[in-house]
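Novice: Chain by chain, the residues run as shown.
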Amino acid sequence: MQNAPLSAPKPGEGALLWTLKIFSGVLILLILILHFLVNHYWAPNGLLSHAEVVAYYQNYPIVPFMEGFFLIFVVVHSLLGVRSIALDLRPAPRVLRGLDVLLLAIGLIASGYGIWLLIRVTGWGG
Amino acid sequence: MNEPKKLHSRGVLDWFDPRGRQVGGWGFIINRISAIGLTIYLYLHLVMLGKLAQGPEAFDAFIATAKQPLILFGELLVIIAGLYHGLNGIRIALTSFGVAVRYQRALLIAVVLLTAAGSLFFAIRMLSIH
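If you read the sequences in order, they're chains B and E.
Taking the numbering used here, the leading residue of the first sequence gets 1, the next gets one more, and so forth.
Taking the numbering used here, the leading residue of the second sequence gets 1, the next gets one more, and so forth.
These are computed hints drawn from the structure, not numbers from a lab.
We put the CB at the ideal spot given by N, CA and C, even for glycine.
Among the clues, some could well be false.
Covered stretches of chain E (chain B as the covering partner; in silico rule of three or more C-beta atoms under 8 Å from a C-beta of chain B) [claimed, not checked]:
#: 1; region: 32–40
#: 2; region: 43–56
#: 3; region: 59–67
#: 4; region: 113–121
Please put together the full structure from these sequences, using the hints given.
Specialist: Shown next as C-alpha cells:
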C-alpha cells in the first residue's frame with residue numbers, strides 16, 4: 001500500500017467540497033454516537049415509542065437542535081458522496097451541472113422536511 | 001477516497017474487478033458500497049420517521065413492524081455498514097491530513113476488527129431484546 005495520503009479532491013470536486021465532505025463525516029460520527037445511544041441503546045425495547053420520542057424532545061430542548069444539525073450534516077455528506085461516486089463515471093460538464101441541481105434540490109427538500117418534522121414532533125400536544 | 005488509477009479505467013465497474021487488488025483497494029470498495037447502502041437507508045429512514053407526524057397509532061404500528069426478523073436483519077446490516085464507514089472515515093480523515101499515513105494498512109485491519117467486534121455486540125444485544 002502506498003505511503004501517500006488516501007484521499008484528495010478529484011477533478012470536478014474542488015478542495016472546498018472535499019473538505020466539507022471530510023469534516024461533515026467527522027461531525028456525523030460524533031453526533032451519531034449520541035443519537036444511537038439514546039434512540040436505540042438506552043431505549044427499553046431498542047426503539048422509542050411515539051410518546052417517548054415526544055417526551056425526549058420536549059424534556060431536552062437541545063435534542064431537536066442536535067438532531068437537526070445531524071440531519072443537515074448527514075444529508076450534505078451523503079449527497080457529496082453521491083456526487084463523488086458520479087465523478088468516477090466521468091460525466092460531461094452539462095450532466096454534472098444537472099446532477100448538481102438535482103442533488104441540491106434533494107438536499108434542500110430532505111433538510112426542510114426533516115426540520116419541519118422535528119418542529120412538529122417537539123410541539124406535539126402543545 | 002481515491003483508488004490508484006488503472007491504465008484502462010472503466011469507472012465504477014473497476015470497483016468490482018478483483019484482479020491485482022490490494023487490501024487498500026478492498027477497503028475502498030467496501031467504503032463505497034457501504035456509502036451507497038447508508039445513503040439509501042438515510043432517505044428511507046427519513047420517510048419512515050414521517051410517521052411521527054401522523055400520531056402515536058401510525059408510529060407505534062410502524063415500530064411494531066420494525067421488530068420483525070427481516071427488518072432487524074436489515075438494521076444489523078445498517079449497523080455493520082455504519083460502523084465500517086464511520087471507522088474507515090476516521091482512517092481516511094487522518095491519512096488525508098498526513099497523520100499515520102505509514103500505518104494505513106494496520107489502521108484498515110483495526111477498522112475491520114472493530115467493525116466485527118461492534119457488529120457482534122449489537123447483534124447479540126438485538127437478539128436478546130427481541
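Novice: Taking the hints in turn, state whether each one holds.
Specialist: Here is how each hint holds up against the structure:
no. : hint    : in the structure
1   : 32–40   : holds (count 5)
2   : 43–56   : holds (count 8)
3   : 59–67   : holds (count 5)
4   : 113–121 : violated (count 0)
The earlier numbered hint that this structure contradicts is number 4, and it is the only one.
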